[in-house]
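*Asks:* Okay, here's what each chain looks like letter by letter:
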Amino acid sequence: MLSIKNLHASIGEKEILRGIDLEVKAGEVHAIMGPNGSGKSTLASVLAGREDYEVTEGSVQFLGKDLLDLAPEARAAEGIFLAFQYPVEIPGVSTTNFLKSAVNEIRKYRGEDPMDAVQFLKMFKEKMAYVNIDQSLLSRALNEGFSGGEKKRNEIFQMAVLDPKLAILDETDSGLDIDALRIVAEGVNKLKSPNNATIVVTHYQRLLDYIVPDYVHVLYKGRIVKSGTKELALELEERGYDWIKSEVDQ
Amino acid sequence: MLSAELSTTLQDIAQTLGLESEQGKALSQFLAKGFPTSKWEEWKYTSLKDFNGIDRNWFPKGKSNMPVSADWAELIIRSSDAHWSIDKASSNDGIEVLSFDDFIQKCPEFQEIWANKNPILDQNSLYDLNVALCPEHIVIWIKKDVEITQAILHQYQVNSSDKATSVQSRLLIYVEEGAKASFIEQQTSTGSADILSNFVQEIFVSKGAQFTYLKDQDFQQGVSHIDHTFIYQAEGSQVDTFTFSLNASLIRNNLHFYIDGSQVVSNLNGLYVPGENQLMDSHTVVDHRMPHAESNELYKGVLMGNATGVFNGKIFVRQDAQKTNAFQSCRNVLASTRATMNTKPQLEIWADDVKCSHGTTTGQLNEEALFYMRSRGISLPAARTLLLLAFVQEVINKVEHPVLRESLTEKIVAKIQQSVDLSN
Chain A
102 MLSIKNLHAS
112 IGEKEILRGI
122 DLEVKAGEVH
132 AIMGPNGSGK
142 STLASVLAGR
152 EDYEVTEGSV
162 QFLGKDLLDL
172 APEARAAEGI
182 FLAFQYPVEI
192 PGVSTTNFLK
202 SAVNEIRKYR
212 GEDPMDAVQF
222 LKMFKEKMAY
232 VNIDQSLLSR
242 ALNEGFSGGE
252 KKRNEIFQMA
262 VLDPKLAILD
272 ETDSGLDIDA
282 LRIVAEGVNK
292 LKSPNNATIV
302 VTHYQRLLDY
312 IVPDYVHVLY
322 KGRIVKSGTK
332 ELALELEERG
342 YDWIKSEVDQ
Chain B
1474 MLSAELSTTL
1484 QDIAQTLGLE
1494 SEQGKALSQF
1504 LAKGFPTSKW
1514 EEWKYTSLKD
1524 FNGIDRNWFP
1534 KGKSNMPVSA
1544 DWAELIIRSS
1554 DAHWSIDKAS
1564 SNDGIEVLSF
1574 DDFIQKCPEF
1584 QEIWANKNPI
1594 LDQNSLYDLN
1604 VALCPEHIVI
1614 WIKKDVEITQ
1624 AILHQYQVNS
1634 SDKATSVQSR
1644 LLIYVEEGAK
1654 ASFIEQQTST
1664 GSADILSNFV
1674 QEIFVSKGAQ
1684 FTYLKDQDFQ
1694 QGVSHIDHTF
1704 IYQAEGSQVD
1714 TFTFSLNASL
1724 IRNNLHFYID
1734 GSQVVSNLNG
1744 LYVPGENQLM
1754 DSHTVVDHRM
1764 PHAESNELYK
1774 GVLMGNATGV
1784 FNGKIFVRQD
1794 AQKTNAFQSC
1804 RNVLASTRAT
1814 MNTKPQLEIW
1824 ADDVKCSHGT
1834 TTGQLNEEAL
1844 FYMRSRGISL
1854 PAARTLLLLA
1864 FVQEVINKVE
1874 HPVLRESLTE
1884 KIVAKIQQSV
1894 DLSN
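Each protein sequence line maps, in turn, to chains A and B. Going by the working numbering, the first sequence opens with residue 102, and the numbers climb by one from there. Going by the working numbering, the second sequence opens with residue 1474, and the numbers climb by one from there.
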């Protein structure tokens, strides 16, 4: 589904990703872990198309298309979803209106008819149950004055509505207490299917107790320096990142 | 200063009007000053210097148009190049539309109010020009305790001809004690030649009365509209103004509140959306002269293309006006890198026990928000439109009248959408 080859990316003069290789297949859950500043969030941003980063080398194929060639909105329409570490406040636009625009723009991109109000209502109801989100939150201005937990829950609700093929969760666990973490993880698990894939970007292992990865990769200094199964995450939890750093730095 | 040629023309007109008449005197005063230029402090960004050399048709005749129908209006009046007519008469004897002379005869007690009006007027040369050349001085008189549930609609129209045109229109509204009314004004134009539209409105809102004034300014390119609205408020009255500036080459709105009683509420709302080759200038004055009154001012602007915007908001709190609450906010979005906004809040406070605040901001659309929206599949133009609409909605949503709210939203959406599409 996703094939990243020798990906290099910089912000300004500073090179942050220095040759990433990663293959993700449908049905898989990959965790990207690593110490602070290793390039985890940059990888997520580059995949979603954030324009602050410049890709200097390498390629990213997504379902046979050159992902780097597409605008952020086209990537979304092709099936990529980025759950933000810090969801942005959109004053004056409710979640429902925001999502109606998003869904219908994506349908337009795909050559499908727009959904009407009745269809939306039905779909929203169904998806609300996934993340246990309240209707009142959806009619408020998106993320404005939301608590950390509400923002993340809203991200997962958006993900449920947009039904992506590849979901990238960028530090979704940050700022969440254990109950909120469980609700968010349950939502992600419910949305999992043999046809879609998930990349979980996280610093800590604790999210992986709830979203169990098939593969764990450790990112350090802009490269994947170690890959393994979920046991690797447990080892990192126990031993920290220092042993990997010293292995690499030697 | 006026060009020699224009000066001669206007001097001839002054002679005809009679040099000693009120009109002749006003024209002489105008002749001495000419049109405002950027050297005048209050006209720094809105120079009318070029007007000093343009001869115009100073007495246009007006056009007869098909009357409009609006079932939501109690009374429909029209002014075409300052010539007034009634399209739909009111069934309510509590409202009268009449000439100023007839009004003073029927309502002699107004003379005292009128004689004391001078401090209200921010005298500038355009006011003099208006007094001198307006063909009809019309009064809308809303009598004591009359409650008009449906709105009064005024179709303000200026029309261009082969020659540059000058329209000098003048209206007085007298809202008597305890009365309640909404006044909706649709300002439009026909033709795209050069028109100077100069409109003076003097509004007196008596004790305990409530008055809403909504202006929908949607002219063709070529029109320069100068709007002078003076509002006098007596004790316990409430006035809400809505100024929507949609289109014109140039719009200058002078809005002046004179608060002459306690327990007065004044709400000033404004939204301007100038585009390519358009200048929109809002000059507001809120003059708190008595204690225990409240004013709230909310102005917003979206500036597109190479538009220029100006906001100058003065709040005076006089020494006697203790316990005043006065709030002012002006927020602007530059939706294009070529647009300019000039803001100047001015608070002068002589009383010591007051609550006043003001804030002006001018910025661009939030890049983070745009990326967030795009990452959800919303295209860049759609994302920009959505954010801009959310921004202007705050003002539009304050309009209580559903029909107007809808039509304003529609027109503003279309204008923003067009500009967003052009910039991509």
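No lab work stands behind these hints: they were computed from the structure. If you're wondering where the values come from, they're calculated on a predicted model, not measured in any experiment. Mixed in with the good hints, there may be bad ones.
Once the Cα atoms are required to be at most 35 Å apart in a straight line, the calculated DSBU-like pairs of lysine-lysine come out as [stated by the list, open to error]:
#	chain 1	residue 1	chain 2	residue 2
1	A	Lys209	B	Lys1517
2	A	Lys201	B	Lys1884
3	B	Lys1884	A	Lys209
4	A	Lys223	B	Lys1888
5	A	Lys106	A	Lys327
6	B	Lys1888	A	Lys201
7	B	Lys1517	B	Lys1616
8	A	Lys346	A	Lys209
9	B	Lys1828	B	Lys1536
10	A	Lys209	B	Lys1888
11	B	Lys1871	A	Lys201
12	A	Lys226	B	Lys1517
13	A	Lys106	A	Lys126
14	A	Lys346	A	Lys201
15	B	Lys1536	B	Lys1680
16	A	Lys223	B	Lys1884
17	A	Lys322	A	Lys291
18	B	Lys1636	A	Lys223
19	B	Lys1871	B	Lys1884
20	B	Lys1884	A	Lys226
21	A	Lys346	A	Lys327
*Asks:* Tell me, in ascending order, the numbers of any earlier hints that this structure violates.
*Replies:* 1, 7, 8, 9, 12, 14, 15, 18
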